[in-house]
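Undergrad: Same order as they appear, the protein sequences are chains A and B. Each residue of the first sequence is one higher than the one before, counting from 1 in my numbering. Each residue of the second sequence is one higher than the one before, counting from 242 in my numbering.
It should be emphasised that the hints constitute simulated quantities derived from the structure, not laboratory data. Glycine included, every Cβ here is placed at the ideal spot set by N, Cα and C. Honestly, I wouldn't trust all of these hints.
Unchecked claim - No more than 25 Å apart at the CA atoms, straight line, and that leaves these computed lysine-lysine pairs for BS3-like: (1) B:Lys-352 x B:Lys-417; (2) A:Lys-75 x B:Lys-376; (3) B:Lys-352 x B:Lys-423; (4) B:Lys-376 x B:Lys-417; (5) B:Lys-369 x A:Lys-75; (6) B:Lys-352 x B:Lys-369.
Said to hold, decoys possible - Computed from the model, here is a short list of chain B residues facing chain A with C-beta under 7 Å: (7) Thr-289; (8) Phe-291; (9) Arg-314; (10) Arg-315; (11) Asn-323; (12) Pro-325; (13) Gln-341; (14) Ala-342; (15) Leu-345; (16) Gly-348; (17) Tyr-378; (18) Tyr-537; (19) Asp-541.
To be verified - Sample of chain B residues with no beta-carbon within 10 Å of chain A, all distances over it, derived: (20) Asp-329; (21) Ser-347; (22) Gly-411; (23) Leu-529.
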Amino acid sequence: MTNTMTVFRREFASYFNSPIAYIFIIAFLVLNSGLFMTGFFLNASADLRSFFGNLPFFLIFFIPAVSMRLWAEDKRTGTFELLMTLPMRAREVMMGKYLAAFAFYLVALAGTLPLPIMVTALGNPDVGAIWSGYIGAALLGGLYLAVGTFTSGLMRDQISAVILGIMACFLIFIVGVPGVAATIDGWIPGLGSFLQHFVGLSDHFEMMLRGVITLGDLAYFLGLTAVFLSLNTLWLKGRKY
Amino acid sequence: MIEVRGISKSFGTTVALDDVSFRLDRGEILGFLGPNGAGKSTTMKIITTFLAPDQGRITVDGIDVLEQPLDVRRRIGYLPENVPLYLDMNVQEYLTFVGQARGLSSGQLSKRLDWCVEACGLVTEFKKNIGELSKGYRQRTGLAQALIHDPEILILDEPTSGLDPLQILGIRDLIKSLAGEKTIIFSTHILQEVTPVTDRVVIINEGRIIADGNVGDLSRDAMGTNRIFVGLRQDTASVESALRGLDEVTEVRPLPAAEGCRFEVRGSFDTDLVGAVGRLARDRNWDLTQLNEAVYSLEDTFISLTRRARDRSRGNLRGVA
Numbered sequence: 001m002t003n004t005m006t007v008f009r010r011e012f013a014s015y016f017n018s019p020i021a022y023i024f025i026i027a028f029l030v031l032n033s034g035l036f037m038t039g040f041f042l043n044a045s046a047d048l049r050s051f052f053g054n055l056p057f058f059l060i061f062f063i064p065a066v067s068m069r070l071w072a073e074d075k076r077t078g079t080f081e082l083l084m085t086l087p088m089r090a091r092e093v094m095m096g097k098y099l100a101a102f103a104f105y106l107v108a109l110a111g112t113l114p115l116p117i118m119v120t121a122l123g124n125p126d127v128g129a130i131w132s133g134y135i136g137a138a139l140l141g142g143l144y145l146a147v148g149t150f151t152s153g154l155m156r157d158q159i160s161a162v163i164l165g166i167m168a169c170f171l172i173f174i175v176g177v178p179g180v181a182a183t184i185d186g187w188i189p190g191l192g193s194f195l196q197h198f199v200g201l202s203d204h205f206e207m208m209l210r211g212v213i214t215l216g217d218l219a220y221f222l223g224l225t226a227v228f229l230s231l232n233t234l235w236l237k238g239r240k241y
Numbered sequence: 242m243i244e245v246r247g248i249s250k251s252f253g254t255t256v257a258l259d260d261v262s263f264r265l266d267r268g269e270i271l272g273f274l275g276p277n278g279a280g281k282s283t284t285m286k287i288i289t290t291f292l293a294p295d296q297g298r299i300t301v302d303g304i305d306v307l308e309q310p311l312d313v314r315r316r317i318g319y320l321p322e323n324v325p326l327y328l329d330m331n332v333q334e335y336l337t338f339v340g341q342a343r344g345l346s347s348g349q350l351s352k353r354l355d356w357c358v359e360a361c362g363l364v365t366e367f368k369k370n371i372g373e374l375s376k377g378y379r380q381r382t383g384l385a386q387a388l389i390h391d392p393e394i395l396i397l398d399e400p401t402s403g404l405d406p407l408q409i410l411g412i413r414d415l416i417k418s419l420a421g422e423k424t425i426i427f428s429t430h431i432l433q434e435v436t437p438v439t440d441r442v443v444i445i446n447e448g449r450i451i452a453d454g455n456v457g458d459l460s461r462d463a464m465g466t467n468r469i470f471v472g473l474r475q476d477t478a479s480v481e482s483a484l485r486g487l488d489e490v491t492e493v494r495p496l497p498a499a500e501g502c503r504f505e506v507r508g509s510f511d512t513d514l515v516g517a518v519g520r521l522a523r524d525r526n527w528d529l530t531q532l533n534e535a536v537y538s539l540e541d542t543f544i545s546l547t548r549r550a551r552d553r554s555r556g557n558l559r560g561v562a
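With the rest of the complex left out, here is chain A (with noise of 0.2 Å):
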């Protein structure tokens, strides 16, 4: 734990260290309220399901860029063969760099807090909704971050670190779209409802979205994020460079 604590620090600090951090954080504010701002005043309706509706596609992007440094530059720089040779244990390396970056992320989403307390001024939302749809943006990202610490691991660089974390987001979020899940029951029957249900995460946000978080989508969630993890660790582990 406290070695976890040292990574998580000397991580956490870094993004703040370069002026990258901030260009994220305005370029996630002003692009998410932006488009949510848009519908909002077309719509005239005080909720903020289309800002929390907007985030599976438009975190495809966000998390892999947040997260393609975290061992892409360790790697570049050599500061892996530091990392592993310190007396600490891959995973603890491993949730401590997962961590920060899930700290910064909720550090950009707490950003946003400001569209809550907007539409509460100007109407009357639904207050569970809200609460569960940040939960369930917590997670959504968590589950991203998960995806993008592992491709991050398997690149050298930050550019194909990215390219690849995108493109493993889009698979998770693609599957989970019912017209693409129906095309693949067309090939294979049951493969397209399976990967719907148990890998593609529609179903689950939109859940949340609703204000009701089932025992089920939390599962999913934290369970698909704890497989990316393990996979990270197992990677650290099996590394013969």
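Chain A is already provided as a structure; the job is to place chain B on it using the hints.
TA: Chain B only, in chain A's frame:
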């Protein structure tokens, strides 16, 4: 302290290490020599648990590297060839991070920070961003990182590469000052750096150990015969025949001389060639300008040993064909 037994490692089809073995006792300093790409770094990466060997076994302080890597890592301070620095941190933050990752308490850490910064000459750079430091200071920061937890074992991969002569001297003095209390392996392809620091060397070439021992023995081995140089002010034909007349001498070769004459005299290592020639000179009243043993530099030793190893492996190949 460190025992390497029969390790082999391949990357794809490239054989990086082939049955490498050597051992190192507590407090010894080992110069690990070899041309670029010989396998020095790979060996060090395996000892420090960064890479796993395909075959073979390494124990550090009796602990198996593969079985208890964390215990091995705790005992080792490691400076990789690519100095692993976080360019966005300053020296203090970086060393603090490594110290914490190594489990130092804040009391120990501040004591060790003071010591490392002093010993590595980083006092003036302590608050500077690592990205702004010169190559020399980056190297020193890397070295300070390896020393932060006061390890029993230091593994330094090319610690002086890219440094100017004065900086090299500084690092050399630092390594010497740690002699006795720490077990040290340092690699280099610059041979002059070894002899001032240690006598014990291991020479590796194309993934195989070709020599292991102290510098003196290895150079004798490489030279083959004992050689001395004799110079005289007078130039008489009798000199050469008188030298040949000595029992100890097996061969006399005239050498070009600006004045008088010079010879290279060879004999066996068991005999005192200089003494014998000295007595002869006194008897005959020769006016000597030179009388000394040929010193085979580490360079010559290295070249002749690598050449011999190469010839041997070619010979083997021919034998197989």
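Undergrad: State for each hint whether it applies.
TA: Tested hints:
{"no.": "1", "hint": "B:Lys-352 x B:Lys-417", "in the structure": "22 Å, holds"}
{"no.": "2", "hint": "A:Lys-75 x B:Lys-376", "in the structure": "20 Å, holds"}
{"no.": "3", "hint": "B:Lys-352 x B:Lys-423", "in the structure": "19 Å, holds"}
{"no.": "4", "hint": "B:Lys-376 x B:Lys-417", "in the structure": "22 Å, holds"}
{"no.": "5", "hint": "B:Lys-369 x A:Lys-75", "in the structure": "24 Å, holds"}
{"no.": "6", "hint": "B:Lys-352 x B:Lys-369", "in the structure": "20 Å, holds"}
{"no.": "7", "hint": "Thr-289", "in the structure": "5 Å, holds"}
{"no.": "8", "hint": "Phe-291", "in the structure": "5 Å, holds"}
{"no.": "9", "hint": "Arg-314", "in the structure": "4 Å, holds"}
{"no.": "10", "hint": "Arg-315", "in the structure": "5 Å, holds"}
{"no.": "11", "hint": "Asn-323", "in the structure": "4 Å, holds"}
{"no.": "12", "hint": "Pro-325", "in the structure": "4 Å, holds"}
{"no.": "13", "hint": "Gln-341", "in the structure": "5 Å, holds"}
{"no.": "14", "hint": "Ala-342", "in the structure": "5 Å, holds"}
{"no.": "15", "hint": "Leu-345", "in the structure": "11 Å, violated"}
{"no.": "16", "hint": "Gly-348", "in the structure": "16 Å, violated"}
{"no.": "17", "hint": "Tyr-378", "in the structure": "17 Å, violated"}
{"no.": "18", "hint": "Tyr-537", "in the structure": "36 Å, violated"}
{"no.": "19", "hint": "Asp-541", "in the structure": "34 Å, violated"}
{"no.": "20", "hint": "Asp-329", "in the structure": "4 Å, violated"}
{"no.": "21", "hint": "Ser-347", "in the structure": "12 Å, holds"}
{"no.": "22", "hint": "Gly-411", "in the structure": "23 Å, holds"}
{"no.": "23", "hint": "Leu-529", "in the structure": "56 Å, holds"}
Of the numbered hints listed earlier, those contradicted by the structure are 15, 16, 17, 18, 19 and 20.
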